[in-house]
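In numbering that gives the first Met the number 0, the protein residues as written are 0 to 156.
No lab work stands behind these hints, which were simulated from the structure alone.
Note that beta-carbon positions come from the ideal geometry of N, C-alpha and C, so glycine has one too.
Certain hints may be false.
What the hints assert, rightly or not - Label-pair ranges, simulated between beta-carbon atoms:
(1) ALA67 to THR143: 56 to 62 Å
(2) ARG119 to VAL155: 36 to 42 Å
(3) HIS47 to PHE27: 46 to 52 Å
(4) ASN41 to SER69: 20 to 26 Å
(5) THR129 to LEU105: 19 to 25 Å
(6) CYS46 to ALA6: 17 to 23 Å
(7) LYS144 to LEU17: 17 to 23 Å
Unchecked claim - Dumping the calculated EDC-like pairs for lysine to aspartate or glutamate here, alpha-carbon to alpha-carbon at most 20 Å:
(8) LYS18 to ASP45
(9) LYS18 to ASP4
(10) LYS21 to ASP32
(11) LYS93 to ASP45
(12) LYS156 to ASP109
(13) LYS156 to ASP106
(14) LYS124 to GLU150
(15) LYS58 to ASP101
(16) LYS144 to GLU117
(17) LYS134 to ASP101
(18) LYS21 to GLU59
(19) LYS156 to ASP101
(20) LYS44 to GLU59
(21) LYS71 to GLU59
(22) LYS156 to GLU117
(23) LYS58 to ASP7
(24) LYS44 to ASP106
(25) LYS156 to ASP102
(26) LYS44 to ASP7
(27) LYS94 to GLU59
(28) LYS93 to GLU117
(29) LYS44 to ASP32
(30) LYS107 to GLU59
(31) LYS93 to ASP109
(32) LYS58 to ASP45
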Amino acid sequence: MEGVDLADMLIALYRTNLKTHKWYMAIFSQMLDVCVNNAWLNYRKDCHTFNHKHVMRLKEFRVNIAIALSLKNKARVGRESKENYVPEDIKIRKKIAPRPIDDIRLDKFDHCPTIGKEGRCRLCKIGQTTFMCQKCNNIRLCTTKKRNCFETFHYVK
């Protein structure tokens with residue numbers, strides 16, 4: 000039981016305190032402490048094997064690990080240079096259906112609303128709608144209790 004007592008003593012000396020209500024974070028903290036302490040024990044054993052004069056104390060060892068990890072991928076301040084810029088998935092926008100000419104739009108003949116994929120209203124740009132005008136290049140136009148963009152689009156110049 001010497002190994003367990005030594006491990007518990009070393010963990011108790013410099014415990015990583017993470018105040019959290021998540022059970023897995025407490026386990027992560029404990030495992031982190033165990034890993035660091037085991038690494039220090041291996042380091043100390045190697046120092047005695049190779050007859051090093053200066054052996055870091057546990058606290059100094061933990062501080063060096065923390066500094067090394069914090070400096071590993073330090074974010075740079077400022078803009079990234081264009082040479083290193085690799086564009087991520089660029090969204091390819093669909094072409095917007097052209098607005099029909101006023102003669103067709105205002106002829107008050109054969110403008111049948113059809114139901115299609117949901118999208119933004121072309122007139123008010125506020126509402127999401129599934130109604131589209133079949134004659135006017137499938138332009139989406141909303142119809143609600145407050146506004147009737149379908150009617151406004153076809154009757155008002």
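Comparing the hints with the structure gives:
1. ALA67 to THR143: 56 to 62 Å: holds, 60 Å
2. ARG119 to VAL155: 36 to 42 Å: Roughly 20 Å apart at Cβ, these two residues miss the hinted range, so it is violated.
3. HIS47 to PHE27: 46 to 52 Å: violated, 31 Å
4. ASN41 to SER69: 20 to 26 Å: About 22 Å separates the Cβ atoms of ASN41 and SER69, which means 20 to 26 Å holds.
5. THR129 to LEU105: 19 to 25 Å: holds, 24 Å
6. CYS46 to ALA6: 17 to 23 Å: Since CYS46 and ALA6 have Cβ atoms about 19 Å apart, the given range 17 to 23 Å holds.
7. LYS144 to LEU17: 17 to 23 Å: Since LYS144 and LEU17 have Cβ atoms about 53 Å apart, the given range 17 to 23 Å is violated.
8. LYS18 to ASP45: Distance ~34 Å between LYS18 and ASP45 Cα, so the pair is violated.
9. LYS18 to ASP4: violated, 25 Å
10. LYS21 to ASP32: holds, 17 Å
11. LYS93 to ASP45: violated, 63 Å
12. LYS156 to ASP109: holds, 18 Å
13. LYS156 to ASP106: The given pair, whose Cα atoms are some 11 Å apart, holds under the 20 Å limit.
14. LYS124 to GLU150: holds, 15 Å
15. LYS58 to ASP101: It is violated: about 79 Å lies between the C-alpha atoms, which goes past 20 Å.
16. LYS144 to GLU117: The hint holds at about 18 Å.
17. LYS134 to ASP101: Given pair LYS134, ASP101 holds - Cα atoms ~12 Å apart, limit 20 Å.
18. LYS21 to GLU59: violated, 29 Å
19. LYS156 to ASP101: Roughly 8 Å separates the two Cα atoms, so the pair holds.
20. LYS44 to GLU59: holds, 16 Å
21. LYS71 to GLU59: Measuring from Cα to Cα gives roughly 18 Å; hence the hint holds.
22. LYS156 to GLU117: Violated. LYS156 to GLU117 sits at ~26 Å, over the 20 Å cutoff.
23. LYS58 to ASP7: Distance of about 15 Å is within 20 Å: holds.
24. LYS44 to ASP106: Given pair LYS44, ASP106 is violated - Cα atoms ~91 Å apart, limit 20 Å.
25. LYS156 to ASP102: holds, 10 Å
26. LYS44 to ASP7: holds, 18 Å
27. LYS94 to GLU59: Violated - the C-alpha atoms of GLU59 and LYS94 are around 62 Å apart, more than 20 Å.
28. LYS93 to GLU117: holds, 14 Å
29. LYS44 to ASP32: holds, 18 Å
30. LYS107 to GLU59: violated, 83 Å
31. LYS93 to ASP109: Outside the cut-off at roughly 27 Å; violated.
32. LYS58 to ASP45: With Cα atoms ~18 Å apart, LYS58 and ASP45 stay inside 20 Å; holds.
Hints 2, 3, 7, 8, 9, 11, 15, 18, 22, 24, 27, 30, 31, counting from the list given before, are not met by this structure.
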